[in-house]
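Spelled out from the first residue to the last, the chains are:
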Amino acid sequence: MYEIGQRVFFFRAGPYDFACATCHSEDGKRIRLQDLPNLTKNPGDGVGFAAWPAYRVSSGELWGMQRRLNDCYRQQRFPYPGYASDATIALSVYMGVKSQGAKSIAPSIKR
Amino acid sequence: MKRPTLIALSAALAAGCATLPSPQALDAQANDVIRASFREQGIATLDRLNQDDAQRACSAATPPPPDVVKRIEAQQLAAVHWPSNGQYLGNWREGEKLAQNGRGMTWTDPANVPGGGNCYNCHQIGKEEISFGTIGPSLYQYGKLRGVTDPAAPASAEIVKYTWGKIWNAKAYNACSAMPRFGHAGVLNEQQVRDIMALLLDPQSPVNR
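The listed protein sequences derive, respectively, from chains A and B. Take the first sequence: its letter number 65 is residue 65 in the working numbering, and every next letter is one higher. Take the second sequence: its letter number 57 is residue 57 in the working numbering, and every next letter is one higher.
Bear in mind the hints are in silico, worked out from the structure with no lab data behind them. Keep in mind that the hints are not guaranteed to be accurate.
So the derived list for chain B, only partly shown, Cβ under 8 Å to chain A, looks like this [claimed, not checked]: (1) I34; (2) L46; (3) P83; (4) Q87; (5) K127; (6) S131; (7) G133.
Stretch by stretch, here's where chain B covers chain A in the computed footprint (C-beta under 8 Å, at least three residues) [what the hints assert, rightly or not]: (8) 8 to 15; (9) 76 to 90.
Keep in mind the model is a prediction, meaning the values are calculated, not measured. Note that CB positions come from ideal geometry on N, CA and C, so glycine has one too.
Generate coordinates for the entire structure from the input sequences, incorporating the hints supplied.
Here it is as structure tokens:
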């Protein structure tokens, strides 16, 4: 699943040509003022995979990893990923393996 | 459903790394997983998963070899649509609105509503806007730094043309650029590109003042 997840992470498509990697493969980048974790390596304690599930203040909801990925794909202008679909599970495995050893702070608070 | 594929893969992984399928087999499995995992929603149809040459070549952790990069850049440059009326610059005020606007083309957006340019998501542009992203370079003083005092002057022609090409199809100059191909992919129309051109190149635009 890790190998599949890595391929899904780098898969570019859609009208914007975005992959997960487009925004999440370099250190210290932002979209507007939002910091973007580099998910191609261990992003550290409580960052990226280690931050979810989280309470989203902006929506007043608790979001799991599935919901986080769903909204990533919406903004990537992709079609709709099924809940617990193989692609989202594979991506979670990829991020989880990369985060090995990082301390989870879930449930965390996000804007 | 691709469960059988995944069960086979899990079994292969459980049996140890020595039995990991070949990279080509994993590519095929990943492709199957992607096909099986998404559904159409609103305007976000499944054909969005069909990659073109440029997307396919830039879907790995490592960039494609130089000959492939050259081929893609040549293809994309040949596909650039230059302004049909010869007019490269529009209205920078409209361009600023488009640069601010990050809407359009998601499955929650309606069809046939003009979207935005998303520019500030990744670039600094006007100095007044402090909420800008850093995935792309700063474009503050874009025209001024390049010596554009009169965009219509022959001396400006090269940079004006390049800037149009870059907005229309960023992959014409950098095959695996993170930047969307705004004109090529139909994200922005010709007039919208003109307005963003003016934001970057008009000496009266706040970007250059």
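Tell me the numbers of any earlier hints that the structure contravenes, in ascending order.
Numbers 3, 4 and 5 - these are the hints that the structure violates, sorted from lowest upward.
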